[in-house]
Amino acid sequence: NNNNNNNNNNNSNATKKMILISWIGKGLIFRSHKIGWTLSKDICNLLNNSNEEQGAIVVKFFNIILTSTSKTSKTLTKENNCIVKSIYLQKFFYILKPILIDSFKESKQKSNYLLAISTLLQYLPPSIIKSELVSFFPILLEGLKNYENDSSLTVSSLTSLMSFVDTSPTILCDNIHTIIPQLLTLTTYKPSLKIRVESLNCLLAFTKLPYPIVSPFKNQIIRGLESPVGDHKLIVRKHAQTCRNEWYVLELVSERQ
Numbered sequence: 001n002n003n004n005n006n007n008n009n010n011n012s013n014a015t016k017k018m019i020l021i022s023w024i025g026k027g028l029i030f031r032s033h034k035i036g037w038t039l040s041k042d043i044c045n046l047l048n049n050s051n052e053e054q055g056a057i058v059v060k061f062f063n064i065i066l067t068s069t070s071k072t073s074k075t076l077t078k079e080n081n082c083i084v085k086s087i088y089l090q091k092f093f094y095i096l097k098p099i100l101i102d103s104f105k106e107s108k109q110k111s112n113y114l115l116a117i118s119t120l121l122q123y124l125p126p127s128i129i130k131s132e133l134v135s136f137f138p139i140l141l142e143g144l145k146n147y148e149n150d151s152s153l154t155v156s157s158l159t160s161l162m163s164f165v166d167t168s169p170t171i172l173c174d175n176i177h178t179i180i181p182q183l184l185t186l187t188t189y190k191p192s193l194k195i196r197v198e199s200l201n202c203l204l205a206f207t208k209l210p211y212p213i214v215s216p217f218k219n220q221i222i223r224g225l226e227s228p229v230g231d232h233k234l235i236v237r238k239h240a241q242t243c244r245n246e247w248y249v250l251e252l253v254s255e256r257q
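When we follow the working numbering, the leftmost residue of the sequence shown carries the number 1, and every step to the right adds one.
Treat the hints as calculated values from the structure; they're not laboratory data. The model shown is predicted, which means the values in this text are computed figures rather than measured ones. Each residue gets a CB set at the ideal place from its N, CA and C atoms; glycine is no exception. A few of these clues could be false.
To be verified - Pair ranges (Cβ atoms, derived):
| # | residue 1 | residue 2 | range |
| --- | --- | --- | --- |
| 1 | K17 | Y211 | 48 to 58 Å |
| 2 | P125 | D174 | 34 to 44 Å |
| 3 | T185 | K78 | 43 to 53 Å |
| 4 | K41 | T207 | 35 to 45 Å |
| 5 | Q90 | T185 | 45 to 55 Å |
| 6 | T185 | R237 | 14 to 24 Å |
| 7 | N219 | S32 | 51 to 61 Å |
| 8 | K108 | P212 | 37 to 47 Å |
| 9 | T185 | Y123 | 25 to 35 Å |
| 10 | N63 | I35 | 32 to 42 Å |
Stated by the list, open to error - Cut-off 27 Å, straight-line C-alpha distance, at most; resulting in silico cross-link-like pairs (DSS-like, lysine-lysine):
| # | residue 1 | residue 2 |
| --- | --- | --- |
| 11 | K130 | K97 |
| 12 | K108 | K194 |
| 13 | K218 | K194 |
| 14 | K17 | K41 |
| 15 | K60 | K105 |
| 16 | K130 | K190 |
| 17 | K78 | K145 |
| 18 | K108 | K97 |
| 19 | K130 | K16 |
| 20 | K145 | K91 |
| 21 | K190 | K218 |
| 22 | K218 | K208 |
| 23 | K78 | K91 |
| 24 | K208 | K194 |
| 25 | K78 | K105 |
| 26 | K60 | K130 |
| 27 | K97 | K16 |
| 28 | K130 | K41 |
| 29 | K97 | K41 |
| 30 | K91 | K17 |
| 31 | K105 | K91 |
| 32 | K97 | K190 |
| 33 | K130 | K145 |
| 34 | K41 | K16 |
| 35 | K78 | K34 |
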């Protein structure tokens with residue numbers, strides 16, 4: 001118990017320090033100060049020397065830097081004469097992109113970098129995501145396969161995939177044969193309710209993809225959803241039923257055409 005309390009206290013202190021450092025960094029990055037960019041690179045390097053719990057704390061830096069100031073601060077606003085240029089998001093991305101990708105390939109702490117990359121993609125404008133997706137997509141796919149080690153990472157990857165249905169459907173279509181079986185596996189992953197629900201949401205979103213691309217998988221998906229429809233959690237059953245109904249409708253529409 002004492003060890004657990006000490007660990008909790010250490011994590012709490014580390015979180016507070018990271019939040020403080022992040023806000024200092026955000027102010028420097030707004031000014032495009034070189035120390036802000038140096039700090040960002042140093043934070044990225046911390047991911048390689050952190051366990052998964054510590055890595056999640058480090059990723060708070062990305063959340064604070066990237067989240068809209070109107071949502072996170074009543075101080076850094078135009079009303080208080082703070083000039084916030086959206087270009088800082090792009091510069092932050094292009095400075096950290098090579099570091100994150102290269103470090104992911106070389107590091108043993110891949111889950112930390114996957115979490116950082118997934119977090120980064122959640123905040124970027126669709127135009128940037130679309131142009132840079134080819135380099136990040138293999139990493140997101142690995143995030144789907146890493147569900148037993150880091151559920152939050154897998155949820156982030158699922159969220160990113162769902163957004164691609166509208167912003168970058170082509171890359172999903174090109175990799176559909178790999179994604180669908182993995183999503184069906186995740187719909188029955190008992191240790192994580194959130195993974196089961198989000199994977200079902202992802203399969204539901206995939207009904208919006210071009211029919212000729214998804215039609216070969218519709219029977220596989222309908223059969224694969226039999227287990228989630230009988231899940232012991234009501235929320236999973238509801239999402240599974242909604243998802244399966246949409247794939248049934250897709251099949252019926254195709255039969256009438």
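Hints and how they fare:
1. The hinted range of 48 to 58 Å is satisfied by K17 and Y211, whose Cβ atoms lie roughly 52 Å apart.
2. At roughly 22 Å, the beta-carbon separation of P125 and D174 lies outside the given 34 to 44 Å, and the hint is violated.
3. Checking the proposed 43 to 53 Å range against T185 and K78 shows it holds: the Cβ atoms sit about 47 Å from each other.
4. At about 41 Å, the beta-carbon gap between K41 and T207 stays in the expected band of 35 to 45 Å.
5. The supplied range of 45 to 55 Å is broken by Q90 and T185, whose beta-carbon atoms lie about 36 Å from each other.
6. Evaluation of the 14 to 24 Å hint for T185 and R237 yields a pass: the beta carbon distance comes to about 18 Å.
7. Between N219 and S32 the C-beta distance comes to about 54 Å, which sits within the given range of 51 to 61 Å.
8. Range check, K108 to P212: about 42 Å between beta-carbon atoms, so the 37 to 47 Å window is met.
9. At about 28 Å, the beta-carbon gap between T185 and Y123 stays in the expected band of 25 to 35 Å.
10. About 20 Å separates the C-beta atoms of N63 and I35, a value inconsistent with the hinted range of 32 to 42 Å.
11. Annotation: proposed proximity of K130 to K97 holds, straight-line Cα distance about 14 Å (limit 27 Å).
12. For the given pair, K108 sits about 26 Å from K194 by alpha-carbon distance, which is consistent with the 27 Å threshold.
13. Only pairs whose Cα atoms come within 27 Å are accepted, and K218 paired with K194 is accepted, the gap being roughly 23 Å.
14. Pair hint K17 plus K41 holds up; C-alpha atoms about 17 Å apart against a cutoff of 27 Å.
15. Distance check on the hinted pair: K60 and K105 sit about 22 Å apart at the alpha-carbon level, within 27 Å; holds.
16. Distance hint between K130 and K190 is unfulfilled; the C-alpha atoms sit about 33 Å from each other, more than 27 Å.
17. A hinted pair counts as satisfied when its Cα atoms are at most 27 Å apart, and K78 with K145 does not qualify at roughly 43 Å.
18. At most 27 Å may separate the alpha-carbon atoms for a hinted pair to count; K108 and K97 meet this at roughly 18 Å.
19. About 34 Å separates the Cα atoms of K130 and K16, which puts this hinted pair outside 27 Å; it is violated.
20. Between K145 and K91, the direct Cα distance comes to roughly 30 Å. Violation of the 27 Å bound is thereby established for this hinted pair.
21. The straight-line distance between the Cα atoms of K190 and K218 is roughly 24 Å, inside the 27 Å bound, and the hint therefore holds.
22. Only pairs whose Cα atoms come within 27 Å are accepted, and K218 paired with K208 is accepted, the gap being roughly 13 Å.
23. This hinted pair checks out: K78 and K91 have alpha carbons roughly 21 Å apart, not beyond 27 Å.
24. In summary, the hint linking K208 to K194 is supported, as the alpha carbons are separated by about 22 Å, within the 27 Å threshold.
25. Among the hinted pairs, K78 with K105 is inconsistent with the structure: their alpha-carbon atoms are about 40 Å apart, more than 27 Å.
26. A hinted pair counts as satisfied when its Cα atoms are at most 27 Å apart, and K60 with K130 qualifies at roughly 24 Å.
27. A distance of roughly 26 Å separates the Cα atoms of K97 and K16; the hinted pair therefore holds under the 27 Å criterion.
28. A C-alpha spacing of about 24 Å is found between K130 and K41, which places the hinted pair at or below 27 Å, so the restraint holds.
29. Note on K97 and K41: the hinted pairing holds, with a Cα-Cα distance of about 10 Å set against a maximum of 27 Å.
30. The straight-line distance between the Cα atoms of K91 and K17 is roughly 25 Å, inside the 27 Å bound, and the hint therefore holds.
31. Between K105 and K91, the direct Cα distance comes to roughly 22 Å. Compliance with the 27 Å bound is thereby established for this hinted pair.
32. About 34 Å separates the Cα atoms of K97 and K190, which puts this hinted pair outside 27 Å; it is violated.
33. For the hint linking K130 to K145, the alpha-carbon distance of about 23 Å falls within 27 Å, and the restraint holds.
34. For the hint pairing K41 with K16, the CA-to-CA distance comes to about 20 Å; that is within 27 Å, so the pair holds.
35. Of the supplied pair hints, the one linking K78 and K34 holds, its CA atoms being roughly 23 Å apart against a limit of 27 Å.
Of the hints listed earlier, those the structure fails to meet are numbers 2, 5, 10, 16, 17, 19, 20, 25 and 32, in rising order.
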